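Residue numbers (the numbering used here), protein chains in the order written: chain F, 1 to 362; chain Z, 1 to 363; chain Y, 1 to 414.
No lab work stands behind these hints: they were computed from the structure.
It should be emphasised that the depicted structure is a prediction, and the values quoted were computed from it without experimental measurement.
Mixed in with the good hints there might be a few duds.
To be verified - Below 20 Å or equal to it, Euclidean Cα-Cα: the simulated DMTMM-like pairs (lysine to aspartate or glutamate) are:
id, chain 1, residue 1, chain 2, residue 2
1, Z, K135, Y, D409
2, F, K165, Y, D273
3, F, K165, Y, D261
4, Y, K141, F, E343
5, Y, K129, Y, E149
6, Z, K25, Z, E58
7, Y, K328, Z, E99
8, Y, K281, F, E74
9, Y, K100, F, D212
10, Z, K277, Z, E293
11, F, K165, Y, E272
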Amino acid sequence: MTFKKSMTMASAAVLSLAVASAASAESLTVVSWGGAYTKSQVEAYHKPWTKKTGASVVSEDYNGGIAEIKAQVEAGNVTWDVVDVELSDAVRACDEGLAEEIDPAILPAAPDGTPAMSDFIEGSVTDCAIPSIVWSTIYAYDSSVMSNGPKTISDFFDTANFPGKRGMRKSPKANLEMALAADGVAPGDIYEVLSTDAGVDRAFAKLDTIKDDVIWWEAGAQPPQLLADGEVVMTTAYNGRIFNAVASEDKPFEIVWDAQVYDLDLFIIPKGSKNKQLALDFIAFSTDTQRLADQASYISYGPARKSSAPLVGSFHSKPSLAMGPQMPTAPDNFKTAIQNDFEWWADNQDEMNERFNAWLAN
Amino acid sequence: MAKSLPFVRYDNVQKSYDGESLVVKNLNLDIEKGEFVTMLGPSGSGKTTCLMMLAGFETATHGDILLDGKPINNIPPHRRGIGMVFQNYALFPHMTVNENLAFPLKVRKMDKAETEAKVKRALEMVQMEAFGDRKPAQLSGGQQQRIALARALVFEPELVLMDEPLGALDKQLREHMQYEIKHIHESLGVTVVYVTHDQSEALTMSNRIAVFNDGVVQQLADPVTLYERPDNAFVAQFIGENNTLVGKVTSTKAGKVDVDLGKHGHVEAVKVVEVAKGGQTTLSIRPERVAFEAKAPKGKMSLPAKVLEMIYLGDHIRCRMSVAGNDEFIAKIPNSNKTITLAPGKDGFVSWNIDDCRALDYS
Amino acid sequence: MSDTRILAADGTPLKKKLAQSMFRTKLRAFGLVCPLLALIISAFVLPILFMLSAAVYDDSYSSLMPESTTAMQEWDGESPITEAMAAAMVSDLIRARENKDIGKVANRVNREYSGATSLFKSTSRSAKKFEPPYLEALLAKDKDWNDKELWQGIKIASNTYTLGYIANAIDMRAKATGGFEPQDELRQIHITLFIRTIEISFIVTVACLLLGYPVAYLMANLPLRTSNLLLILVLMPFWTSLLVRTTAWIAMLQGQGVMNDLFVAFGVANDEDRFSLIYNKTGTLIAMTHIMLPFMIMPLYSVMKTISPAYVRAAKSMGATNWTAFWKVYFPQSVPGIGAGSLLVFILAIGYYITPALVGGQDGQMISNIIDFHMRKSLNWNLAAALGFVLLVFVLFFFWIYDRVVGIDNMKLG
Numbered sequence: 001m002t003f004k005k006s007m008t009m010a011s012a013a014v015l016s017l018a019v020a021s022a023a024s025a026e027s028l029t030v031v032s033w034g035g036a037y038t039k040s041q042v043e044a045y046h047k048p049w050t051k052k053t054g055a056s057v058v059s060e061d062y063n064g065g066i067a068e069i070k071a072q073v074e075a076g077n078v079t080w081d082v083v084d085v086e087l088s089d090a091v092r093a094c095d096e097g098l099a100e101e102i103d104p105a106i107l108p109a110a111p112d113g114t115p116a117m118s119d120f121i122e123g124s125v126t127d128c129a130i131p132s133i134v135w136s137t138i139y140a141y142d143s144s145v146m147s148n149g150p151k152t153i154s155d156f157f158d159t160a161n162f163p164g165k166r167g168m169r170k171s172p173k174a175n176l177e178m179a180l181a182a183d184g185v186a187p188g189d190i191y192e193v194l195s196t197d198a199g200v201d202r203a204f205a206k207l208d209t210i211k212d213d214v215i216w217w218e219a220g221a222q223p224p225q226l227l228a229d230g231e232v233v234m235t236t237a238y239n240g241r242i243f244n245a246v247a248s249e250d251k252p253f254e255i256v257w258d259a260q261v262y263d264l265d266l267f268i269i270p271k272g273s274k275n276k277q278l279a280l281d282f283i284a285f286s287t288d289t290q291r292l293a294d295q296a297s298y299i300s301y302g303p304a305r306k307s308s309a310p311l312v313g314s315f316h317s318k319p320s321l322a323m324g325p326q327m328p329t330a331p332d333n334f335k336t337a338i339q340n341d342f343e344w345w346a347d348n349q350d351e352m353n354e355r356f357n358a359w360l361a362n
Numbered sequence: 001m002a003k004s005l006p007f008v009r010y011d012n013v014q015k016s017y018d019g020e021s022l023v024v025k026n027l028n029l030d031i032e033k034g035e036f037v038t039m040l041g042p043s044g045s046g047k048t049t050c051l052m053m054l055a056g057f058e059t060a061t062h063g064d065i066l067l068d069g070k071p072i073n074n075i076p077p078h079r080r081g082i083g084m085v086f087q088n089y090a091l092f093p094h095m096t097v098n099e100n101l102a103f104p105l106k107v108r109k110m111d112k113a114e115t116e117a118k119v120k121r122a123l124e125m126v127q128m129e130a131f132g133d134r135k136p137a138q139l140s141g142g143q144q145q146r147i148a149l150a151r152a153l154v155f156e157p158e159l160v161l162m163d164e165p166l167g168a169l170d171k172q173l174r175e176h177m178q179y180e181i182k183h184i185h186e187s188l189g190v191t192v193v194y195v196t197h198d199q200s201e202a203l204t205m206s207n208r209i210a211v212f213n214d215g216v217v218q219q220l221a222d223p224v225t226l227y228e229r230p231d232n233a234f235v236a237q238f239i240g241e242n243n244t245l246v247g248k249v250t251s252t253k254a255g256k257v258d259v260d261l262g263k264h265g266h267v268e269a270v271k272v273v274e275v276a277k278g279g280q281t282t283l284s285i286r287p288e289r290v291a292f293e294a295k296a297p298k299g300k301m302s303l304p305a306k307v308l309e310m311i312y313l314g315d316h317i318r319c320r321m322s323v324a325g326n327d328e329f330i331a332k333i334p335n336s337n338k339t340i341t342l343a344p345g346k347d348g349f350v351s352w353n354i355d356d357c358r359a360l361d362y363s
Numbered sequence: 001m002s003d004t005r006i007l008a009a010d011g012t013p014l015k016k017k018l019a020q021s022m023f024r025t026k027l028r029a030f031g032l033v034c035p036l037l038a039l040i041i042s043a044f045v046l047p048i049l050f051m052l053s054a055a056v057y058d059d060s061y062s063s064l065m066p067e068s069t070t071a072m073q074e075w076d077g078e079s080p081i082t083e084a085m086a087a088a089m090v091s092d093l094i095r096a097r098e099n100k101d102i103g104k105v106a107n108r109v110n111r112e113y114s115g116a117t118s119l120f121k122s123t124s125r126s127a128k129k130f131e132p133p134y135l136e137a138l139l140a141k142d143k144d145w146n147d148k149e150l151w152q153g154i155k156i157a158s159n160t161y162t163l164g165y166i167a168n169a170i171d172m173r174a175k176a177t178g179g180f181e182p183q184d185e186l187r188q189i190h191i192t193l194f195i196r197t198i199e200i201s202f203i204v205t206v207a208c209l210l211l212g213y214p215v216a217y218l219m220a221n222l223p224l225r226t227s228n229l230l231l232i233l234v235l236m237p238f239w240t241s242l243l244v245r246t247t248a249w250i251a252m253l254q255g256q257g258v259m260n261d262l263f264v265a266f267g268v269a270n271d272e273d274r275f276s277l278i279y280n281k282t283g284t285l286i287a288m289t290h291i292m293l294p295f296m297i298m299p300l301y302s303v304m305k306t307i308s309p310a311y312v313r314a315a316k317s318m319g320a321t322n323w324t325a326f327w328k329v330y331f332p333q334s335v336p337g338i339g340a341g342s343l344l345v346f347i348l349a350i351g352y353y354i355t356p357a358l359v360g361g362q363d364g365q366m367i368s369n370i371i372d373f374h375m376r377k378s379l380n381w382n383l384a385a386a387l388g389f390v391l392l393v394f395v396l397f398f399f400w401i402y403d404r405v406v407g408i409d410n411m412k413l414g
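Given only the sequences and the hints, what does the whole structure look like? Please build it.
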């Protein structure tokens, strides 16, 4: 395994050398998560930007994490220009010097003149990253199987009244938060409780109650598939993936918004990008009020600018389907929402990952 | 009842692999106890199939094979008690010579002391006492051959089958082994069925030889009869060297036929196969029975001949000439003073005794 | 021999003469393998050495925090924290902040002490304004600086050459005062996974042997046309992408999958109580056995092909039953194939990770999945390297056992 990995890395370095020389100056490589999400970005950002600047966009998919960025930066051969990352990864990439700093002054103000810094969700614009969307980990069930479906996060952990397999992401993130919420911890107190050893024990103890009923998923495309195959009766998932299964494929899935764990996706520029100026222009363009609102008509992720909310229309292929209520940030959905605390995770992910892995394996 | 039956009997045996053609056609063959019988024939003639049916590795499509009076069609090979020597010896490479020889005794659950004694005796028989601890790969081809022989005999079977056992050896070793096998056969008195495509091997060792062709036994006889009095053109051609002339039968009388060779004249020959008047026949004359003289001698059959080529072979001279339209007519002329007069291009007469020319079937 | 040296016609020693005449041939031979050799060294040997060195070498703290490193090395790990240690720390924090290295440093220490990330980052932000005495300044900033475990963690992180990662790989951890102690029980996982990896690999190897042996035997003994068809069937999985194959197994084995539907249809299982064939160890075993099967069949087949049917016939003619002929004569000759196939499957299985990742669920994970996790997710490459090193030791150990039991010369790959 190790050998294979290092070999892959070595050959990747060789390959990227070859590829880099072929890339033209007027082409930007934008890397995102694939599927419906990338499609929404292509429609809302890439196409209009290409129209405006004449520069082309090469779209690549990845599975998250900053391992590949780290490999590129450390090999001194950066082929990615803009990468869509989670908040914790954005902060980490910045801290480890893997991302270029971005001056917020390049961001356009809102149409009503509100400065960009106060238009974006508070604290979301960081040294190296500009946010685009709010996404959320929720759980969903198949309403054709469960007519009297679960309503709260406690129901997810209630195998007596809601028997059957559950899908969960193979990671402690969001799972620990949901477990505590189901155990009666208020959304605002989650990380405070998790910061004590007893709190972590409490979260794992709650997870223990359903451990035998869980099928673990890793890629975002898996949970809708598990639901559709009848492998699980309910599963945690990214809200956009479930929305797309419902809107585009008419799946009878219902989202339970109770104790949703929301997070941001942001754009970063890997350190040493050869198209930094172009990348900055792309990010400034893509995160303006209109573009963020446009994206929301392709996928149910909330725009990171407050000024975009009123401009959000209906689903691009179904004018009758208003996108507003589908957003994690819609008032009805947001009541018990938990904001992912990236600092807590930065401090504790090593220990939590190890403990989670050990808990899983034993 | 059993006494009156031969030791091995093939009774109307047929064999087909594909259900479309017969590899062995209606084989009837009796082998007496203590005999050394060779199945001789070109490859694809069915001889090996016959052997494998006897060993039990092939099943007869039709007919019975009887061993000691009992049909063995339904007896699996390991209960037939037949020793076998294979083409490439089939010595077990992961066992030593001793272990190879002990194998048939071990599966018979013979006790250790007796096994050792028998293995020792078998090795002595083939003069390989010193090689007991070696692996087959450390032995030469001839040595492996001896071990294979010893292994087939060590459990004292009454019948031993040999499937071209000498095929992989060089000529000199092969001839030497032929005598050895013959001697072992004579001293042990076992019945041997031997398969080969080498006629000299068959002639050297066998009591009787069954000549196979096209799934049929062409002739079953002792070596002398087979050579001197072949029943048909195939046997005559396959055993030893042979000159053939083709002609028409003009008349028959007491064991003789008159054969017309067209413009080359006519000869008298021994009648072997019944051929109707006017029918075609193949005349067979052995090269060593042919003499070459300047004039046609009296009291012998003779035909004009022209010398084409001469090969000096020491004890005799091999002389190719043109006789009655056949340019491949061979005569073996003993090396004597007379032969000096021979030279390519020379005309003369070939002659032979009437009894040496046999009129066979035309094929 | 050496006393009586044989001379060539021109008087030079024959050995020297031979070496001279062989030189050109050798040079050409070397030239022919040279490109491959260069590729192997640059793309295989060097990366491995680099990765293995990462298992014991980590300068992410010592190179960025030099003063503090010196101070920590002088500290015994037990006595109270001194002003000198604090001063060195503050000075280093200021520099790391300016050089934007603080994230790397914080992440390194965080592996030893949870919470260090935010502590280091926040402290470094205000470090410039600190005034002596620095120890008090640190404590005033955050009381965590009073925690001896933090400083012990820093001391461990400051070791450039360390056995700590290898210790972690076997569920131990380095102590600041030197030596090692068992890892926190709730975080122990690697030994369990190593044992499970070996167990799964062993079961897969045995299953492949049991399933593959008859197939290989059939292939070696059937007429060429039929055996070629079988060969194609055996090789078919090789032509299908690994992911497609694994996904196919998911479709076959999942709760609502083909196998369970059949079980329900034949009354083997109740509709409500279907078998768990996937997302657990069973799933890993089934899918891996399928994927590894060709690696067992091919060496077996190539060895069996060389075993003449005459051996078994000879054995039978000597009175051996079918079973004895097989067991005493055929089987021993097929052992080189079994050895080669088993070693190949076992070593491939021990490092497998895609299949267990996709169908393994929670108890079907193998050590490679953890290595993958540390390579791609946690970015703890040092620990990944250490785990890889331990895995390599295991593989070499099994190689050695194999050599002792079967003999490496006895192996035949084709």
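Right, here's what the structure says about each hint:
no., hint, verdict
1, Z:K135 x Y:D409, "holds, 17 Å"
2, F:K165 x Y:D273, "holds, 12 Å"
3, F:K165 x Y:D261, "holds, 17 Å"
4, Y:K141 x F:E343, "holds, 18 Å"
5, Y:K129 x Y:E149, "violated, 26 Å"
6, Z:K25 x Z:E58, "holds, 15 Å"
7, Y:K328 x Z:E99, "holds, 11 Å"
8, Y:K281 x F:E74, "violated, 37 Å"
9, Y:K100 x F:D212, "violated, 45 Å"
10, Z:K277 x Z:E293, "violated, 32 Å"
11, F:K165 x Y:E272, "holds, 12 Å"
Of the numbered hints stated above, those contradicted by the structure are hints 5, 8, 9 and 10, listed in ascending order.
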